[in-house]
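Mind docking these for me? Both chains are given alone in their own frames, and the hints should help you get the complex.
Sequence lines, in order, name chains G and F. Take the first sequence: its position 357, counted from the start at 1, is 357 in the numbering used here, and no numbers get skipped. Take the second sequence: its position 188, counted from the start at 1, is 188 in the numbering used here, and no numbers get skipped.
Quick caveat, the hints were computed from the structure, so don't treat them as lab data. Treat the hints with care, since some could be wrong.
[Said to hold, decoys possible] Capping the alpha-carbon separation at 20 Å, the derived lysine-lysine pairs in PhoX-like fashion look like this:
1) G:Lys164 <-> F:Lys44
2) G:Lys164 <-> F:Lys54
3) F:Lys307 <-> F:Lys103
4) G:Lys164 <-> F:Lys364
5) G:Lys94 <-> G:Lys79
6) F:Lys103 <-> F:Lys311
7) G:Lys164 <-> G:Lys104
8) F:Lys103 <-> G:Lys164
[Said to hold, decoys possible] Just a sample of chain G residues kept apart from chain F, beta carbon distances all over 12 Å, derived:
9) Ile27
10) Val50
11) Lys62
12) Lys79
13) Trp159
No residue lacks a Cβ here, since even glycine has one placed at the ideal position from N, Cα and C.
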Amino acid sequence: MEKLHLLFVFSFSWLASHLNMWLRTGIGNSFLLLVTEMLIAGISLLAFLVILCFFLGYMERKVAAFMEIRLGPNRVGPKGSLQIVADTVKLLFKEGLTPDGSDKFLFNLAPFVVVVTSMLAIAPLAFARDFQLWDVNIGIFYVTSISSMAVIGILMAGWSSSNKYSLIGAMRSGAQIVSYELSIGLSLISIVILSGSLRLSDIIQSQANGWWIFKGHIPVLISFIIFIIASTAEINRAPFDLTEAEQELTGGFHTEYAGMKFAMFLLSEYINLFIVSAIAATIFLGGWMPFHIGNLTGFNHAMDYIPSSLWFFGKTFFIIFIIMWFRWTFPRLRIDQLLNLEWKYLLPISMGNTLLVSAMAVFGWYL
Amino acid sequence: MQMTRKPSDITTDAKSGEVLHHEGEFIINMGPQHPATHGVLHLKIWLEGETIKKIEPHLGYIHRGIEKMCERLSYRQFIFSTSRMDYLSAHINNQACALAVEKALGLEVPPRAKAIRIILAELTRIASHELWWACSGLDLGGVTPFFYAFREREAINDIMEETCGARLTQNFIVPGGVMSDLHHNFQKRVKRVLTQIKDNLHEYDEILTGNIIFQNRLKEVGYLSREDAISYGCTGPAARGSGLSCDIRKLYPYDGYEKLDFDEIIFNEGDCWARYRVRMAEILQSVHIIEQLIDSIPDGEFQAKTKNVIKLPKGQFYQRVETARGELGVFIVSDGAATPYRCKFRSPNFSNLSAIPQMAQGAKIGDLVAIMATVDLVIPDIDR
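So that you can see chain F by itself, here it is in the shape it has in the complex (with noise of 0.2 Å):
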């Protein structure tokens, strides 16, 4: 090995003079195979001590072109390839796409379809928060939590494999509806599994959130104030513990969600205590949005008439949803042909993902982890 110290605390590329590190610095490289970045997620973290002084996201392990593989898929078809970004909220992706389709052909969806997606949508919520908070719990340290989740997320799963024929990637969605009608068993085991949650949620907080442990990893860590989440462009949990109000259910509803009585959670701290009660709550937030719907599913249609080819009219269609994650826009570019021209997915967890070094400013190893779990990263849907 050639040491290449120079007598001076900094170290330089001998080509460019480019300085790569000060003396006393420490870089290691967290990922991509690493078990706290939940994928292959590479940060860079320059270490003084455990003290991190900055971070540098490698991205680019899982990239798939999926936004260049739309281009080559029907509007039938390019939806499923969404599935696969934010394998969390699947069901969720399939839906902003199908609405961004439907708003440029002016398609009326049935009643039946859409309370049948908020369902699903909602319950998809739930399930994601659910993963959310059984890996928070694994990257704090405790095992045991992630069992504790998993019991009322595998109920979730069933009813999904059982009415959508998936367990993950649901790809129930088509334009103008869905896929098929519900199975009969759908309304009971739904209600049977909000009461299990409702049931259940006071375990949640005997193990973890009522712990002293687990409150001071993560009580006045990874601040992020209101202004750096509007710079950074964060939204979804991450940004609404922040004291941003960018519930995308609320600003711009679809589907029907301006229909539904249910509040926006937000929680002013801006540090990871404020992010991890914010999910707590939007998990009961999604339990009483299925409890108002899931008796009083309209009957009628669940898909409305389509044509065999669907083509978009020439122009540009943009279309949000909310995620379990934050915002999540889909802009189509339309020539008037069967595939869309160019398609450029918004995700949440790319700006979500961008704020991370701001908030790890200062903090230890130890507190990155906490940061990486409470911004609950999905790494899929960073690279796409």
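Chain G with its partners taken away, still in its complex shape (with noise of 0.2 Å):
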């Protein structure tokens, strides 16, 4: 039965453990090999993370045509699929401004700063059975430390640009991220606690009998639910999109970018966006777990069947598509209104809840 799942291309570890073999009957230095790994690694994830962009770009406007009565992109390639490209091809030929008065060092450095530690991120992810670039043993920790560096690249870019209007959005973008970090935390610690490690593979080992959102009962429902609600405030997407509030700030932090700069901002909008539904799939959904009803074996193998890749971005996909969902049909929060929501609600909310949470694992409520 094991062979019969390895015939799957879509479970990696077959690739894997096939490329790790060629490649150490090639190369016999153990330093060289070490290498060329890492640099097969680096490749594949840099060309996953761009074509991922290319088809979450395409998948928003699809979503926002699909809330908004009209078609989308339907002329480039078949059904506007290239669209994306057709943009990048137009962002890659555009001057890349950079404004006088600035401060150029910083000005060209915050997209790459931006960029990096969003890609940063992705590394402990498991995207499927056995396939991990990097288990480390605080895999959580470091998601939540990386993802809080790219504040500094956008304070960076708004402070940089010498614009007024950059530098409001960047304060704002600085306000919202601290704040809801907190509640991201402790959401996440909800499930270490009841979990017990911080490495990814075990929490996702944790759910073989049952995700967490169903074991968990409403207090991790409701972490869940903060979590959601908190990372979409985090990667500052509407309706929490304060930082780049067209309306009010034509366009924050990002206001003097253009060309490529611009697209970098883009990539990393996407990037975050794909990272914290897949930290949120895999701690609070399973990860790349099938889903499994009790005693019901014929119902549970023929889930075992189903790829884990599969089960892994189908939910991954799924939450992408609600924080979408948010973005197309919630007016945007005023600067107030949003520190009132982290302080005031969620942060005493998921305080409270972490309570319950250390509760349920102590007298082992949960199944």
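What follows is the structure, encoded as structure tokens:
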């Protein structure tokens, strides 16, 4: 039965182990082998991210069109699927302006800081069964700390642009990201308490007999909802897109950016969207774990035959769809309402919730 | 760059000694190119953090001298230049000018022309409010409402195109009536649009009106008291949200509004949420007005007989109408020639704009956008 599973190319573990064996026979030097493997992993990850962002951009447009009773892109390529490629080419050919009076070094550095911090956070994610680049023992901690570095890039962009709208946008972003990180941290901690580990593979394994969102009763459901709200705010997407509020600040922190430098911010936005959705899918919805119902053996076996990567991406894109749904149906909050929501509602609720979850973990009140 | 900051916390102009700004203040120029100003409005804003301390509107970016232009145009022609003032109420602007000319001539307009004018005016009002709704959703960060409102607006524009030949600046009114008779599809299509609007209005409520974020953005924001509304000369939905009864269709009826049954919508709260609800209710009132007329458009002439060259008697003539944004007054001074000696328009947007600094006192930048959205400014009407 296990052999049958490996037939699926979707299960990347097969691919990874074969590649590893092939490299081992080809390259004798262990250091060179390590470097080669790292290079292959890094380049394939970059390629994956770019393709992913193309897809997410296309998906966003189609979801928006679906919400807005229109067709969306439908001219370039089959069903408009190459529209994003055309847009990228357009951005590539645009002039990369650096405004007079700006801090040129910081101005040009900021987009890269934002993109690199987004890309770093993808390292410990488990895309499929036995397919994980870096199973670090502080996985959750690593992701949260890396993603909080993105605010530095945004502040850099806002400050160095020498534009008042950019500055206001950047300061809003600082207040917003720093506040909402607390709720994200607390909602992640509830699962860390229940599963007893910060390592992502351990957390996924702990959901073999049921995903945390089903096992953890109402407290975990609350932390799931808080996580979704807070992470939407953390990645600056509507209804929390105050940092780039077009109607108020024209473009927020990226007002002065054009061409590929602007595209970098767009890229990092989509990578961040993928990362928070992937983390939510991993922590609350079992990552690549298939959906099982108690003792229904036949049903459970059927679910096992669905490749693990499909489970992971299915769950991730489900959450991505929800976050896109927010964006296209909600108006924007005001800055004081945004901070009130965090400090007066989400934070106290998640603190109380953490206590509840701790009690659940101590007394074993979960399945 | 030269730093001119003094040891004290006040920066003054070197020549005149005028206080430019205080330490900690932040001046931004919102406009003339800005996504939320819907045109070339320029607001100079003094900020303290995100809180607005002072606003100074700067005008003149789209001044075309329409009033001066009118002095060189005949009484048939000058009507059409007013389509370019408040382009969302183009038909109602034309109506105001035609009414002023008819008043001066003592001309009796045929009942058919009156009914056509009112139906088209109310369709214009609905289309204008649809666009306002779409843009206020957009201003507050929701893109989707725009497309919902444009479904109905497009249908209305199609009717306009079929009957008047133009979609936005209809130019359908001439002194003494309307330019041509109705298209034979008119009644059928208007009825279809009315049912479409009534069927779809609940979707507007679901996506925006009922949204808790949207309500919190508007409630208790941009307060304008009844006294301030009067002293700033606010009219239209912006004043009716403050409890001021100012609907010209009720107070000084024209073109047969006195025979129709409709309510003047008044809310007393004076905040953005009240102004929002006034407009939403006015859409339904306009639908109600059209329903009373559409099946009983009188037969007969669509235009009264006038001379080829219209000459107004010597004197001063004033006519006011209710556009989608408030009271539009047309003041004509005639010296008996074929062109006006002087033409002056009292535009609703100018007065409504003057109240914005008062409304936005102590508000946030986001509130200012909400206030501008609910006051619903059309900039070419301010500058003319």
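We went through each hint and held it up to the structure:
A distance of roughly 13 Å separates the Cα atoms of Lys164 of chain G and Lys44 of chain F; the hinted pair therefore holds under the 20 Å criterion. Between Lys164 of chain G and Lys54 of chain F, the direct Cα distance comes to roughly 17 Å. Compliance with the 20 Å bound is thereby established for this hinted pair. For a cut-off of 20 Å, the pair hint linking Lys307 of chain F to Lys103 of chain F stands: about 15 Å separates their Cα positions. Between Lys164 of chain G and Lys364 of chain F the CA atoms are separated by roughly 15 Å; this keeps the pair inside 20 Å, and the hint holds.
Note on Lys94 of chain G and Lys79 of chain G: the hinted pairing is violated, with a Cα-Cα distance of about 26 Å set against a maximum of 20 Å. A threshold of 20 Å between alpha carbons decides the hint, and for Lys103 of chain F with Lys311 of chain F the separation of about 13 Å falls inside it, so the pair holds. With a C-alpha separation of about 16 Å, the suggested pair Lys164 of chain G and Lys104 of chain G falls inside the 20 Å cut-off, and the hint holds. For the proposed pair Lys103 of chain F and Lys164 of chain G, the alpha carbon gap of about 53 Å is over 20 Å, so the pair is violated.
Taking the minimum C-beta to C-beta distance to chain F, about 53 Å, the non-interface status of Ile27 of chain G holds against the 12 Å cut. The Cβ of Val50 of chain G lies farther than 12 Å from every Cβ of chain F, with a closest approach of about 26 Å, so its non-interface assignment holds. No Cβ of chain F comes within 12 Å of the Cβ of Lys62 of chain G; the nearest lies about 14 Å off, and the non-interface call holds. Distance check on Lys79 of chain G: its Cβ is at least 20 Å (rounded) from any Cβ of chain F, clearing the 12 Å threshold; non-interface status holds.
Remark: the non-interface label on Trp159 of chain G is consistent with the geometry, its nearest Cβ contact in chain F lying 14 Å away (cut-off 12 Å).
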